[in-house]
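A.B. asks: Take a look at the letters that make up each chain.
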Amino acid sequence: MDAPFVALQDLRKSFGTTDVLHGINLEIPQHAFVVLVGPSGCGKSTLLRMIAGLEKIKHGRIVIDGEIVNRVHAKNRGIAMVFQNYALYPHMSVRENLAFSLEMLKTETSEVERRIKTAADILQLEQLLDRLPAQLSGGQRQRVAMGRALVREPKLFLFDEPLSNLDAKLRVEMRAEIRALHQRLESTTIYVTHDQVEAMTMSDIVVVMNAGRIEQSGPPLELYDRPATEFVAAFMGSPAMNLLRGRVVRADGAPAVDVGEGLFLPFDDRAGVREGMEVVYGLRPEHLAISPDPASGLIGEVALVEPAGWETHLHADIHGRRFRAISTERLDVTPGSRIALAPDPTRVHLFDGSSGARL
Amino acid sequence: MTSVDDSPELPPLPRDRMADFKEGVVPYLFVVPGLLLVFGILGYAVVGGAILSLNETDMFLNKTFVGLKNYRDVFSDPRFINALWRTLLFVVVSIALGIGMSMIFALTLYRVTRGKRFFRGLSLVPYFVSGVATAVMFRFIFTTSGGFANSVLSALGLPTPSWLGDPALAFMVAVLANCWFMVPFATLILLGGLQTIDREIYDSASIDGASDFAVFRRITLPLIKPMMGVSLIWVTYISFSTFDIILALTAGGPQRATELLSIYMFETAFLELNFGAGSVLMMVLLAFNTALSVLYLKVFVMGDHRRKLEK
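Residue numbers (the numbering used here), protein chains in the order written: chain A, 43 to 401; chain B, 134 to 444.
Incorrect hints may appear among the rest.
Keeping only pairs whose Cα atoms sit at most 16 Å apart, straight-line, the calculated EDC-like set for lysine to aspartate or glutamate is [to be verified]:
hint	chain 1	residue 1	chain 2	residue 2
1	A	Lys-117	A	Asp-61
2	A	Lys-117	B	Glu-189
3	A	Lys-98	A	Glu-138
4	A	Lys-117	A	Glu-97
5	B	Lys-202	B	Glu-189
6	A	Lys-98	B	Glu-189
7	A	Lys-159	A	Glu-138
8	A	Lys-197	A	Glu-168
9	A	Lys-100	A	Glu-138
10	A	Lys-117	B	Glu-333
11	A	Lys-117	B	Asp-345
12	A	Lys-197	A	Glu-138
Residues from chain B that keep clear of chain A, each with C-beta distances beyond 10 Å, as calculated [unchecked claim]:
hint	residue
13	Gly-173
14	Ser-209
15	Ile-214
16	Ile-228
17	Thr-267
18	Ile-340
Here chain A is said to cover these stretches of chain B; the calculated rule only asks that three of the stretch's residues, wherever they fall, bring their Cβ under 8 Å from a Cβ of chain A [what the hints assert, rightly or not]:
hint	segment
19	322-335
20	342-355
The set of hints was computed from the structure by calculation and includes no laboratory data. All residues carry an ideal CB built from backbone N, CA and C; glycine is no exception.
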């Protein structure tokens, strides 16, 4: 395997007495689009700022393109960063914003012009070059921020929650635009977000972080299909996975998890799972089949119906336990309707009851 | 269901006159007393001063109209010319030193993280010390024999000048005392400006490779331009009008080295009881202050990028 383009080795960080990162190890191949995702306060932005050179590194190492950059100033790391609030210079026109970093690097005027033109072409900024940031819409500012990163022709692009200030429609558009830009430039990118949908849709590699640690990293569908921990299972996917605590038993000879209230949830036998174990039973909403035939599953009572257009999300109570299910059929149910829900035993995820690790 | 176009037009809601009154009139009613007070006192003083400057008065304030005679008398008086140049020099040096110090303090306080509130509070203390007390303090420091400054200098084996006896040195001490009083508030204004700048902008500039000096010149300064204008107005106004500190510190001496227009005005009007000439001096100070304030507002506040957008 090639040497990784970016390597993070045992990175730790504390602010005062608060430990924010507890030993991060990660290898990022060249040209990859990597998304760091996790709930707020998990340390993802701090990690990005350390890679950018905006936070001091006291423990561990960061290697970019074969060079240890711990003591290299941000401007010399060959990176460009797009910030959450865009961080455009408000008193400078779009053109001056784009030119600023090149001026600081004493780039020749003709080269500055060429790079501004290229970036403006790619991001459709030609008409905006003489405007001030305050005269631009959120989406346009976002594009200028990306343009400013682009003109530096960096080895590594860093994005810090760049879409969180945009409305939902624009966010989806910009998501595709950033992704398209990456496909065109093939520049190695590290992208921080708290939005797991962004993580799933944009990344080549997702890194799920929680409380200063990496829970799991890998291709998005791998994380979705085989979450390594209960946290990843809960975090990735919307609507979220059904997770219920219980004990492994044999019900009518078949393995099941007794989640209390007389409710036994079936799963396929697997190595390492023994009777009596405390586990967390996980099942994605789409693996809980909804059927009007009461004989075909567990009887539940509909609590909430969320029609989302091409699919319908259901919240239903079975023996007092709340479950989420998805159907791509148009269901004729209302709160209070009785339906049958059938878990697919082959798609069940089991996690250790105390460590949360996948079984 | 019908579409919006088909729906019958609804009758307009009856006007709520009380609500209109509350929203449209009441706020102004609250502003009026303050406005009357400000314009009453200020207007009375300015108009009264302008009238006085065109009259000669006796000690019973009986007026005789003399036209521009007071202006001719004052403008041809060498003492006025001296006071005018002293004042302009005093203002220019005070602005340069005062704004420079305020900027340094503001940048320092902006970066202080531990004990932030304590230091910010402490930095305001000089502003709360009265002018006379400030002057007394500076006298303690700069008295020739036994003063703090000379004690230190003599302990270091350096010559001990007569701070308040030498015209040039006394002028500098007066400037320092003036700065001591006005810098804290100017610092506060500039600090307020610095705090409005998004930290991400500095992060971005750091990645963009801007040196500390480039960040200050290209980013910080332009972004605090309006606050810079406001603190310039403050510093200019205080320097033109400073009176109590100078009176208690040097009383205009030595050899009229610190006789500023304000001191000259006080002496002319209240010691020589020449209210006409005193009013002329007041009009001169007013003209300088107004002209410079308008200039600052035009350059710094109206010329700000936020204002440019409104064009």
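A.B. asks: Check each numbered hint from earlier against the structure, then list the numbers of those it violates in ascending order.
C.D. replies: Violated hints (numbers, rising): 1, 2, 3, 6, 8, 9, 12, 18; every other hint is consistent with the structure.
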